[in-house]
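Asks: The two chains are supplied separately, each in an independent frame; assemble them into the complex guided by the hints.
Listed here are the chains, written in short residue letters.
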Amino acid sequence: MTQGGRGRISITQQHSITQQQARRSTPHQLSTTMRLTPLNLRSMYLVNNQRPKNGRRATRVPFPFNGCLPLKLRDSVSGKSEKLQSNPCVQEMFVMFSCFKKNDFDQALCSKEIQTFEACHLNHLTNEKRKKEQERRGVMVPGEKRLAHKQLNHLLGRYKQPV
Amino acid sequence: MATGVRVLFNDFRVPLRSWLTVNSAWGQVTGRARYSQYPPAYIKPVYLPAKLEELERSGDAKQLEYTPVRAAYNTHTSSVFHDPLVRKFTNHIMKTGNKCLARELVEKAFQEVKRVQLQKRNTAETEEEKEAIVCDPLKIFKQAVENGRPVLQLVPIKRGGVKYQVPVPITDHRSYFISMRWLKEAGREKERTIHFPEKLARELLAAARNEGRVVKKKQDLHRQCEANRAYAHYRWS
Chain D
1 MTQGGRGRIS
11 ITQQHSITQQ
21 QARRSTPHQL
31 STTMRLTPLN
41 LRSMYLVNNQ
51 RPKNGRRATR
61 VPFPFNGCLP
71 LKLRDSVSGK
81 SEKLQSNPCV
91 QEMFVMFSCF
101 KKNDFDQALC
111 SKEIQTFEAC
121 HLNHLTNEKR
131 KKEQERRGVM
141 VPGEKRLAHK
151 QLNHLLGRYK
161 QPV
Chain L
1 MATGVRVLFN
11 DFRVPLRSWL
21 TVNSAWGQVT
31 GRARYSQYPP
41 AYIKPVYLPA
51 KLEELERSGD
61 AKQLEYTPVR
71 AAYNTHTSSV
81 FHDPLVRKFT
91 NHIMKTGNKC
101 LARELVEKAF
111 QEVKRVQLQK
121 RNTAETEEEK
131 EAIVCDPLKI
141 FKQAVENGRP
151 VLQLVPIKRG
161 GVKYQVPVPI
171 TDHRSYFISM
181 RWLKEAGREK
191 ERTIHFPEKL
201 ARELLAAARN
211 EGRVVKKKQD
221 LHRQCEANRA
231 YAHYRWS
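From first to last, the protein sequence lines stand for chains D and L. Residue 163, in the UniProt record's numbering, is where the first sequence stops; the numbers in between run on with no holes. Residue 237, in the UniProt record's numbering, is where the second sequence stops; the numbers in between run on with no holes.
Here chain L stands alone, though its shape is the one from the complex (with noise of 0.2 Å):
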């Protein structure tokens, strides 16, 4: 599996000039990683087709073409396949290290997704029920992650010796981790007879329906912050 991503990887960078690559938020002048090895002149590859003929739409790449880039990793690959939510998502999933067993899982769990959703299609009546129902698993994990987005967070903060859960808002990126945290924590919380791509499956499904343990996980802990909104006032900005 891992050479036939190489394959496409290979295949797909030399057509599109990856090397002219080029970070997202280039032009911004961020923070420094402190133990990079490269010089801050460096920029990040970007790998993804869409954004590199946005790049050369836009005109920004002429600028770029004797900028200095990092290598690419190597799960940066230009594949029609490659989602990087899927890729994170895998990489939550797995552990110490066992990409392999962690990809196979998530594309087990699409399968079962896939499934589920054709056979409700088939045994649909009419034909406006069949286009209503949703195959593609892609589409229902989105869903299911953008479901289970939490919009605020606790966090304790000590005041005179006490420590309150004080509400406080969430940037975008935590709270997509927080989404697919609950996600792989639902998946993993099921009887021993049961595997984890099947309940991972039925989880993103319910999910994607707006119901099930994620979005019950969601809406307990918007009823907490609720209910600590009086401490509200003590959050430093």
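With the rest of the complex left out, here is chain D (with noise of 0.2 Å):
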């Protein structure tokens, strides 16, 4: 191997960590000592001391798992993507444009169509204003299909993980 000196100081410095290892092994003093260096990092030695013997630089070892949150599932869920991607009477807008553009842009022969998309815009707005409320209270409905996050924690802290 043609390698200078730095190299073979980095090797010994390597193998008091495997010895470290040995002794204490949790993840995360296991990350903190760790060298991620593709130079210095030989799985080799850090598995059984030993040199590769093709001659070729020893693979990189695997990202060391660090366990920094427990491993359980919370009681809570954040709010944070809540908004809801709907996108109501999109239809009744496209057949008030198909009527808008038969009657070219003439309201008075459209005023069917203009008075649905209105009253379902309206509709929206005071089911979207109600809906708020209750989330903002955190009122249960029944047979509701989404649950707005306080809702859901309101369930998911009556019905605990058990520990």
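Calculated from the structure, these hints are not laboratory results. C-beta atoms are modelled at their ideal positions from N, C-alpha and C, and glycine is treated no differently. You may find that some hints are simply not true.
[Claimed, not checked] Residues of chain D placed beyond 10 Å of chain L at every Cβ, according to the derived structure: (1) 79; (2) 101; (3) 107; (4) 108; (5) 148.
[What the hints assert, rightly or not] Okay, the calculated beta carbon distance ranges per label pair: (6) D:116 to L:165: 20 to 28 Å; (7) L:54 to D:155: 40 to 48 Å; (8) D:94 to L:157: 12 to 20 Å; (9) L:71 to D:72: 54 to 62 Å.
Replies: So, in structure tokens, the structure goes:
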């Protein structure tokens, strides 16, 4: 192997690391002491204290598991991605557009379509308002398919994960 | 003029027991104004005689006898000549707080409308034709605003670094605002020699007939919305 003195020194360093690992092998300490630069990482040395026989560099060690979070589910969800991608009244809008186009944008001839569209929008607004109010207060609605994060948290708090 | 309004206001307020005043949206808990000087228990005053009568008839007034009420604005008057839409329009026309001038301009425009309609009425030949001509400028104004109201609006929405003009439904409140803004702009777009009230009167009459700049503008907006209908799915809610 054509390696300078530096490489050799680092190999000895890795030696000491493996010994340390043997002594205290909690994953958290492993991640702090381990160097991840490819030149110094010789998995063969790390595993059984041997050089590779084929004259190649040893492969990288797989990234060590670092248990920074507890391995269990929380009893709550965050409301970050709650924004609904609902798109109401688009059908009514298209019907209205086709009527507009047919009658050269004369509103008097499309009053029925306009009325349905506006009624739909108003209905949507009132529904949203009511829903928001319920979600704000955390009121549970029986038979509701999509729950808000507050409602979910309410349920999760009632039926907690077994410890 | 201001004192005249004040006198009317005071005269009307005493017999109508105006302190028995109520918000039209009474009973609903709406969002609180963030920097309001009033505590949330205070309700907005109702100054329109028709609404007050309705409250008394329905018995809601009895419930609100001891509810604290906010002070009425200077422009809240029970005068028979008061109209909320006209008041709003006057405020749109007003520049730098010069309400006197704004009111004068609107009144002059209404006079002009009346003059034109009366002339038409007098020159009409048959009795039916005369009957068909509306001479009330307030009615014409309301019709003009109604005809200028758009059904949709275009909202820029950014998707993938590109701004799309997305057609979305519009609230009633905003559509009234846009209609009045267009009327005002149409009135201001004129030659140097023509005065604003004159031009505004012409535009009001045209819009009431479903013609003119404002209606054209509304139809253009609708056309653009129709052209951008493929983007309607980009709306968030």
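Asks: Would you mind marking each hint as holding or not holding in the structure?
Replies: Each hint, compared with the structure:
no. : hint                       : in the structure
1   : 79                         : 16 Å, holds
2   : 101                        : 6 Å, violated
3   : 107                        : 7 Å, violated
4   : 108                        : 8 Å, violated
5   : 148                        : 14 Å, holds
6   : D:116 to L:165: 20 to 28 Å : 24 Å, holds
7   : L:54 to D:155: 40 to 48 Å  : 45 Å, holds
8   : D:94 to L:157: 12 to 20 Å  : 18 Å, holds
9   : L:71 to D:72: 54 to 62 Å   : 59 Å, holds
In the structure shown, a violation is registered for the earlier hints numbered 2, 3, 4, in ascending order.
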